[in-house]
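Asker: Here are the chains, one letter per residue:
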Amino acid sequence: MLFLGFLYLTSALGTVMLLTLMILRIGALVGDCPVAQARARAVSITIATGFAAIGAGGVIMIGAVLPALGDASFAALMLTLGFTALCLGLGFTHAMGTLRAALVPHQPDQAPDPAADAA
Amino acid sequence: MTEKLKKTEARYALDPVAFAKALILAPLIVAAFGFWALLIPVFAVLFGGLAYLVLGTPILMIYLYFAEGTPGGAAKIAFSTVAVIVLAFWVYRLFFDVHRYDDGLVIWVGFSLIFAGLWGFAFGKLYNRWRSPMSRRPLPPLA
Numbered sequence: 001m002l003f004l005g006f007l008y009l010t011s012a013l014g015t016v017m018l019l020t021l022m023i024l025r026i027g028a029l030v031g032d033c034p035v036a037q038a039r040a041r042a043v044s045i046t047i048a049t050g051f052a053a054i055g056a057g058g059v060i061m062i063g064a065v066l067p068a069l070g071d072a073s074f075a076a077l078m079l080t081l082g083f084t085a086l087c088l089g090l091g092f093t094h095a096m097g098t099l100r101a102a103l104v105p106h107q108p109d110q111a112p113d114p115a116a117d118a119a
Numbered sequence: 001m002t003e004k005l006k007k008t009e010a011r012y013a014l015d016p017v018a019f020a021k022a023l024i025l026a027p028l029i030v031a032a033f034g035f036w037a038l039l040i041p042v043f044a045v046l047f048g049g050l051a052y053l054v055l056g057t058p059i060l061m062i063y064l065y066f067a068e069g070t071p072g073g074a075a076k077i078a079f080s081t082v083a084v085i086v087l088a089f090w091v092y093r094l095f096f097d098v099h100r101y102d103d104g105l106v107i108w109v110g111f112s113l114i115f116a117g118l119w120g121f122a123f124g125k126l127y128n129r130w131r132s133p134m135s136r137r138p139l140p141p142l143a
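Protein sequences, first through last, are from chains Y and A. So that you can map any letter, position 41 of the first sequence is 41 in our numbering, and since no number is skipped, the others follow by simple counting. So that you can map any letter, position 93 of the second sequence is 93 in our numbering, and since no number is skipped, the others follow by simple counting.
By construction, these hints were calculated from the structure, which means they are not laboratory data. Incorrect hints may have been included.
Over 10 Å on every C-beta distance to chain A, these chain Y residues come out as not near it, computed from the model [as the list claims (entries may be wrong)]: (1) L21; (2) R41; (3) G91.
Okay, the calculated bits of chain A under chain Y, using three or more residues with CB under 8 Å as the criterion [unchecked claim]: (4) 13 to 27; (5) 45 to 58.
Note that the structure is predicted; figures quoted are calculated from it, not measured. Backbone N, C-alpha and C define an ideal beta-carbon position, used for all residues, glycine too.
My request is simple: use the sequences and hints to build the entire structure.
Answerer: This is how it looks when you write it as structure tokens:
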């Protein structure tokens with residue numbers, strides 16, 4: 001059981017770490033663009049922090065069902081790891097979505113009406 | 001970015017805090033408002049809560065990437081998920097002898113379908129109440 005938990009935590013938290021590093025790297029790549037520079041660094045670090053925290057929390061909570069599936073330990077390991085990878089991947093997709101949304105320069109919702117200025 | 005996106009091409013970002021809060025609170029709120037119905041919604045949380053979390057997390061995350069996420073849409077996706085599982089079990093039952101589950105099967109199926117819809121709707125309501133403005137707008141296309 002101890003070995004199983006060790007295997008699970010190493011693989012799952014390793015995945016979290018890799019994906020967090022990838023968010024930071026993508027942020028650094030976008031940071032090379034002069035238009036998005038200042039925004040990209042701060043946004044990617046914010047998103048990576050949130051992703052790491054939520055991801056680690058999810059991994060630990062999914063790990064809590066590992067002993068409940070006790071007897072079929074290999075199947076339990078594969079099920080939990082698969083579910084973790086699925087959710088982390090989906091979270092990564094949404095993190096990229098947030099990065100995309102945050103990189104758009106701020107636009108006021110309505111352009112000021114020129115007729116109102118003239119009056 | 002100037003031209004409007006077609007509806008099928010729109011993608012949405014997730015608000016993780018609102019998602020987590022809504023996902024966990026939706027069954028509890030249904031139970032809190034429906035406890036008078038012979039405590040059935042309360043026992044539904046005990047029987048179906050884990051399945052709801054395990055299936056609901058990835059499926060709602062996928063759904064909220066591709067759709068705007070109205071309460072009705074979330075209810076529809078939750079109902080059809082359970083309906084697909086029920087259909088799959090029904091097909092399995094045609095070919096294999098699993099009739100030891102027949103006791104109260106109709107009740108299980110009926111209640112799971114009802115509560116899938118209810119919890120999905122409650123999730124959509126709560127998520128739409130709490131989500132950030134950024135997650136409401138479609139994402140800008142990749143330049």
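Asker: Each hint needs a verdict: does it hold in this structure or not?
Answerer: Hints versus structure:
| no. | hint | result |
| --- | --- | --- |
| 1 | L21 | holds (19 Å) |
| 2 | R41 | holds (18 Å) |
| 3 | G91 | violated (7 Å) |
| 4 | 13 to 27 | holds (count 4) |
| 5 | 45 to 58 | holds (count 3) |
This entry does not satisfy hint 3, going by the numbered hints stated previously; all others are met.
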